[in-house]
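Residue numbers (the numbering used here), protein chains in the order written: chain S, 233 to 497; chain X, 4 to 297; chain V, 5 to 355.
There may be inaccurate statements among the hints.
[Stated by the list, open to error] Which bits of chain X does chain V cover? Going by a derived footprint, with three or more residues having C-beta under 8 Å, they are: (1) 124-131; (2) 153-160; (3) 248-259; (4) 284-291.
[Said to hold, decoys possible] Facing chain X, a subset of chain V residues (Cβ under 7 Å, in silico): (5) Ile77; (6) Phe146; (7) Pro300; (8) Val302; (9) Met320; (10) Ile327.
No lab work stands behind these hints: they were computed from the structure.
For every residue, glycine included, the Cβ atom is placed at its ideal position computed from N, Cα and C.
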Amino acid sequence: MLLELNNVEVVYSDVILVLKGVSLSVEAGQIVALLGANGAGKTTTLKAISGLLRSEDGKVTGGSIRFQGVPIHAEEPQNLVRRGLVQVIEGRRILPHMTVEQNLLVGGKVQKGRVERRQMLDKVYGYFPKLVNLRARVSGYLSGGEQQMLVIGRALMAGPRLILLDEPSLGLAPMTVTEIFELVERLRRQEGIAFLVVEQNANVALAVADHGYVMENGRIVLYGTGPELRENEDIKEFYMGMSISGHGKSFKDVKHYKRRKRWLG
Amino acid sequence: MLSLLSYVANGALTGLLYALIAMSFVIIYRSARVFNFAQGEIVIVGAFLVWTFMSAFDLPVWVSVPLALLSSLLLGVLIERLILRPLVGEELFAFVMVTIGLLIFIRGVVLVAWGPEVRFFPAVLPMAAVKVGPLVFDRALVIGAAVTLVVAAAASWFFNRTQLGLEMTAVAEDHQIALSLGISVKRSIAVAWGISGLLSTLAAIIFLNGKGMTFLASDIGFAALPVALLAGLESIGGVVLGGLIVGIAVGLAAYFLDPIFHGGVAAVFPFVIMVVILLIRPTGLFGWKTIERI
Amino acid sequence: MTLPGGVHAETYQQDRALIRTRWQWLWFAGFVAVLLLLPFIGIGKAVGIATVIGITLIAVLGLQLTSGCAGQINMGQSAFMGVGAYAAGALAANLHWSFLLTIPIGGISAAVFGAVFGLAALRIKGFYLALTTIAAQFIFTFAMLKLPKEWFGQSEGLRLDPAALGSFAFNTDNRIYYLVLAVAALMTYGAWGLMRSRTGRAFIAVRDNDNAAEVIGINVFYYKTLAFFIGAFYAGIAGALWAYYVRYVQADQFTLWLSVWYLGMLIVGGMGSILGAIIGAVVIRLLQELITVAGPQVADVLPALGGQFVFAAMNMLLGGLIIVFVIFEPRGLVHRWNIVKESYRIWPFPH
């Protein structure tokens with residue numbers, strides 16, 4: 233097992249319990265989707281794994297997180313990156329005053345030396361040919377889609393085994409989103425990189441995911457393979473905006489949102 | 004006419020010296036996003052260290068100067084470790100106050116350690132004046148200008164071309180991203196404080212070469228302030244230009260306005276230029292423009 | 005504010021009242037009595053020290069409003085104070101105006117000078133703003149030393165006659181003390197009222213997030229300017245009182261260091277609270293006096309340090325205090341005080 237979370241609890245500022253026992257696992261080379269509404273705790277889950285939680289006054293207070301079998305809940309982020317676990321923070325956080333190539337090189341921090349870093353850079357340019365022409369451009373002026381490719385490329389520079397990808401579709405055109413998920417799929421196939429993807433856009437995410445988890449209120453409430461979840465009526469209704477009977481969603485359906493959620497029992 | 008030229012040229016040289024000190028502000032700001040109000044005091048500690056090694060311990064120049072540079076580097080790292088690190092993630096006001104507290108504290112320590120008397124700073128650099136045609140310059144200032152240019156070029160190369168420099172720039176941009184990419188933010192900030200301490204002592208040697216000094220010489224920190232702000236707190240190259248602009252403007256102001264005001268213009272004029280430029284460009288001429296989100 | 009058990013507000017007026025219980029009345033009355041009787045019961049320099057504390061308090065209250073409440077870091081408070089001192093001093097010394105006019109005019113002049121920096125604060129933010137206010141200091145010093153001698157006396161400064169009402173002159177320490185006490189009480193009350201008003205809440209909104217404040221309909225431009233205007237007004241009043249107290253005004257009395265000391269008082273006392281400003285001003289001033297008294301004696305024991313010891317010790321003490329407070333108690337002494345008060349009230353229970 234590449235990544236394994238067992239009953240993880242997270243507390244912010246010593247008082248706010250955000251994750252109330254999350255368990256999930258990712259195997260090498262898998263794409264796993266983590267779905268759920270805003271505030272369900274998806275991003276917190278990713279940050280608990282990558283160790284970024286501590287810079288926001290959050291703490292893992294219970295359960296265990298294992299990466300390649302080793303407990304990592306108290307590990308510094310830099311050591312995790314070195315071991316092949318990189319998070320792509322949500323919101324296309326580029327380094328806006330640096331050029332595209334400088335962004336990528338910074339991502340290659342954990343590479344052994346200059347030569348390895350250059351090789352990695354060429355590989356990334358291979359996956360993102362668009363970035364080659366933009367290499368000297370200050371990244372703050374790129375378009376949204378280009379910036380999203382840049383942050384994924386930057387994570388790739390570390391040569392990771394697992395990428396934690398937070399909301400890659402946020403604020404992007406459907407075409408661009410499809411393009412990005414195709415790339416994720418290609419990276420998995422050709423590089424064997426596993427992905428744990430947090431998404432609001434369940435449809436695109438489940439199209440490539442091997443399996444997925446649905447979170448609600450700091451807990452995992454549903455688990456299934458990609459196709460299973462795609463066929464699940466609740467998922468269809470709440471994340472894809474389709475009604476069971478096929479016609480458009482009415483106000484009444486939305487009103488009964490909570491009650492109809494079967495998994496809440 | 005000749006004296007006007009001399010005012011301008013000397014102004015430019017002084018401006019470049021200020022740029023060297025401004026650079027020690029900028030290097031810290033670029034990584035820690037902290038403006039160190041105590042920089043002037045660090046300059047003066049560096050100066051007293053050189054004095055102690057050379058005049059009090061009678062060590063040769065080639066031992067004293069590297070020793071002082073090394074000590075000030077360690078001082079920078081120490082300050083970061085003890086005082087700034089506990090505050091990571093705090094609000095702006097905490098950093099303003101803690102570096103101001105540091106400024107006052109170091110001033111007290113300097114007084115206790117070295118006393119209020121005037122000391123003569125050893126002539127580390129040659130004293131003979133430089134003559135270029137009809138113009139006469141202080142040799143230390145000429146050497147200082149060259150040092151500033153070399154240091155600026157080196158720093159620019161370091162921050163834009165080397166891996167460590169790029170990583171430090173990334174830390175300057177966004178601490179969280181830097182963390183997520185496996186960069187040690189703590190180490191980057193410590194390195195910045197170290198380099199900055201080293202530059203301060205370098206500036207002290209040039210500034211005080213062969214002159215009398217007391218603890219009050221730390222005011223040079225405030226004199227260099229307009230250069231750093233005018234240039235923008237992130238830009239190394241900008242600081243050199245800012246230094247030249249301020250230096251030349253002050254030279255001109257001193258030439259034309261001093262007769263009217265009976266002196267004193269040089270002290271206030273940089274601040275006037277600074278305020279005017281900040282009103283037009285709030286992050287300085289070459290500073291990073293901030294994109295604010297609600 | 006939490007209240008002791010059994011005390012409830014039944015009307016809005018009661019809820020807004022500053023003093024709520026009989027014990028609070030008693031404490032308050034006792035405090036006022038001590039202040040009023042200080043010239044009769046105080047020993048040694050007590051009255052003089054209290055006068056300086058009163059003047060300092062006014063300036064620090066102003067800084068609390070600008071920096072503590074509205075979040076605009078101001079390192080020019082001492083320059084603003086100087087403007088007030090010079091304005092009042094020049095009118096009193098050259099035109100022989102009454103202090104009833106010159107003190108408010110001193111306040112207004114400083115307020116106008118301060119408001120210029122408030123205008124700048126709309127565009128310039130963070131460290132850039134803090135550093136811009138330092139420019140106020142340099143511009144002030146230069147202007148006072150260079151403007152025509154008939155106005156401000158240049159390096160010789162200004163000499164004032166005592167403030168006078170008809171034939172009654174505030175020419176003794178005790179008389180000036182009462183004048184300062186009255187003004188300080190008035191200004192403290194004003195600051196308290198301002199903090200609890202619509203303006204005070206707008207200041208806090210601007211401090212916490214000026215963009216968000218703008219979005220919810222707060223005129224950020226107006227309130228930032230106002231914050232500097234009011235803060236500098238307080239400084240100007242303090243400066244004018246200072247001018248009448250020492251009856252001599254000179255640019256060297258108003259240094260950047262003084263501004264730094266004021267900021268230090270805020271940190272030690274507690275940011276954003278009127279009580280914090282009072283505690284900070286009193287505690288730091290008393291410590292300063294203590295060092296001034298004790299310093300020479302220590303210097304006798306350790307002659308190597310010489311007369312500079314007092315100055316050095318003061319710097320190390322204030323610098324050290326600021327650093328310690330920022331790191332370990334960023335909410336200042338007022339926070340400690342509240343904790344002590346609460347635990348006393350509910351003793352012997354821990355919560």
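Going down the list of hints, with the structure as the test:
no., hint, verdict
1, 124-131, "violated (count 0)"
2, 153-160, "violated (count 0)"
3, 248-259, "violated (count 0)"
4, 284-291, "holds (count 3)"
5, Ile77, "holds, 6 Å"
6, Phe146, "holds, 4 Å"
7, Pro300, "violated, 16 Å"
8, Val302, "violated, 12 Å"
9, Met320, "holds, 3 Å"
10, Ile327, "holds, 4 Å"
In this structure, the hints that do not hold are numbers 1, 2, 3, 7, 8, in rising order.
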